[in-house]
Amino acid sequence: DDGGGMKLLGKNPIFPGNAEARKKQKLPRFTDDTAPPEQEVSYEVVGIDVFGRESVPSLPLKIFVPDVAASFPPESVTADSKPGAVELSWSKPQSPRTSGYLIERSAFSQGPYTTLTPKPLPAGTLRYSDDSGTPGTHYYYRVYSLDPRGKQGAPSRAAAAVFAGLSAPSSPEGLEASRGADAISLKWSPVKGAAGYRVEKTAGKEGKWSYAGNALVMDPRFDDPIVLGMEGVMKYRVSAVGADNQASPPSAELLVELPPNRPPATPKITGFSGMGGVARIDFIPGGDPQKAQGFLVLRGAAMLAEPMVITDKPLEGSARSFTDDKAVPGQEYWYRLVAVDSAENRSEASEPVAVRIGDPVLQAPPAPKAQFIENPFPRVVISFAPGPGATAAVIERQAGDSTEWDRVAGPVAPGVSQALDTRPPRGRSASYRVYYQALNGASGPPSPPATIKVP
2 DDGGGMKLLG KNPIFPGNAE ARKKQKLPRF TDDTAPPEQE VSYEVVGIDV FGRESVPSLP
62 LKIFVPDVAA SFPPESVTAD SKPGAVELSW SKPQSPRTSG YLIERSAFSQ GPYTTLTPKP
122 LPAGTLRYSD DSGTPGTHYY YRVYSLDPRG KQGAPSRAAA AVFAGLSAPS SPEGLEASRG
182 ADAISLKWSP VKGAAGYRVE KTAGKEGKWS YAGNALVMDP RFDDPIVLGM EGVMKYRVSA
242 VGADNQASPP SAELLVELPP NRPPATPKIT GFSGMGGVAR IDFIPGGDPQ KAQGFLVLRG
302 AAMLAEPMVI TDKPLEGSAR SFTDDKAVPG QEYWYRLVAV DSAENRSEAS EPVAVRIGDP
362 VLQAPPAPKA QFIENPFPRV VISFAPGPGA TAAVIERQAG DSTEWDRVAG PVAPGVSQAL
422 DTRPPRGRSA SYRVYYQALN GASGPPSPPA TIKVP
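So in our numbering the end of the sequence shown lands on 456, straight run, no missing numbers.
Everything labelled a hint here was simulated from the structure, so no lab data went into it. Backbone N, C-alpha and C define an ideal beta-carbon position, used for all residues, glycine too. Be aware that one or more of the hints could be misleading.
[To be verified] Here are the computed distance ranges between Cβ atoms for each label pair: (1) R281 to R408: 31 to 37 Å; (2) E177 to Q332: 47 to 53 Å; (3) Q332 to R429: 42 to 48 Å.
The task is simple: from the sequences and hints, build the whole structure.
What follows is the structure, encoded as structure tokens:
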């Protein structure tokens, strides 16, 4: 009974069947898929015997049938960025009994979400405009449908959009430039509402514009490096970019005159050697010899190593060779040369050459001096001439009638000129000599000995 009196549901009677099995499987005896939604209905069941006689009806069962489809979330929710707002739209509801909608927003897809419509939107609404966002923020939106009693269902799928400002920032003003040795420095007046700035440049007065740098500039200034061959004129312009990525029209163009800046030609290495514990590099300048006012020497410890300039100041422009006496014997280095002109412009580096440093030529040191000192403890102080460059010194002793030379000290650090024998042979004579040792262990001839009597 849905208000018009009892009516029969179904044309055929329902036979009991295996009631216990249906109960275990939780299967219904009867399903009414014609019940009117949003209405209270009443059901009665009548039994029939084998002769077709009907029983007295059961007690009526009353139940309210809700319209579940009325709270289904709307489909095809879209979000579009407009100046100063995000426009939301969605498809028509599946049920005519949907009573309204709720809109919520979050800066993250997983929430938390904030309700934008404390008062539900009326039924029939299929659009909503959000003008309360922050420009440049990426927002996610969800829509809820309400059933006839105002109960909301599940949320729709989230639709995302970037909140755009009403307009782009204004164009930067006051663009000016100053030229240094290594860069052109630009600066301009800050622009209100700008999240960054985009700098563009072009070579020549009618060249094609391109971005200077790979990212937005956060501050109202920018240094454009001066690279080899950069000469003539450069033009610059700057645009302000808001947090919503809206860019202003470019600023007024600025023309910067550059002096001639052609680098000298690349020098060429003509010979090299690692004999004698040093590296010798022979070279000639490239192109006009008068253009190169000096040369820088680059050295690396391996072909993949970062090169290092090893000359404190450029070699003279007339130089045609370089000797590296700081190289370690036994090591392999690669060398390259760079030419420098009077404006400190540098050429490209020359092709590298690999040099293996051989054993150094070590001379015999002069005879050392030996002195016995009793207090505060008995010892012999040996004074000697330090080895040249990075060579160390080794001190040996021969005691009494022995023919063996024993090491007393060393190798001592380069530049050290004294060593101690703290266990001198008391009551006998002692002879001391010195020889130089390279960093790779190669040794030179010994010095003449110095002999003293140890009391």
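- Message: A range of 31 to 37 Å was offered for this pair. Does it hold for the Cβ distance of R281 and R408?
- Response: 33 Å, holds
- Is it true that Q332 and R429 lie within 42 to 48 Å of each other by Cβ? At 43 Å between Cβs, range holds.
- Is it true that E177 and Q332 lie within 47 to 53 Å of each other by Cβ? 52 Å, holds
Checked against the numbered hints given earlier, the structure satisfies every one of them.
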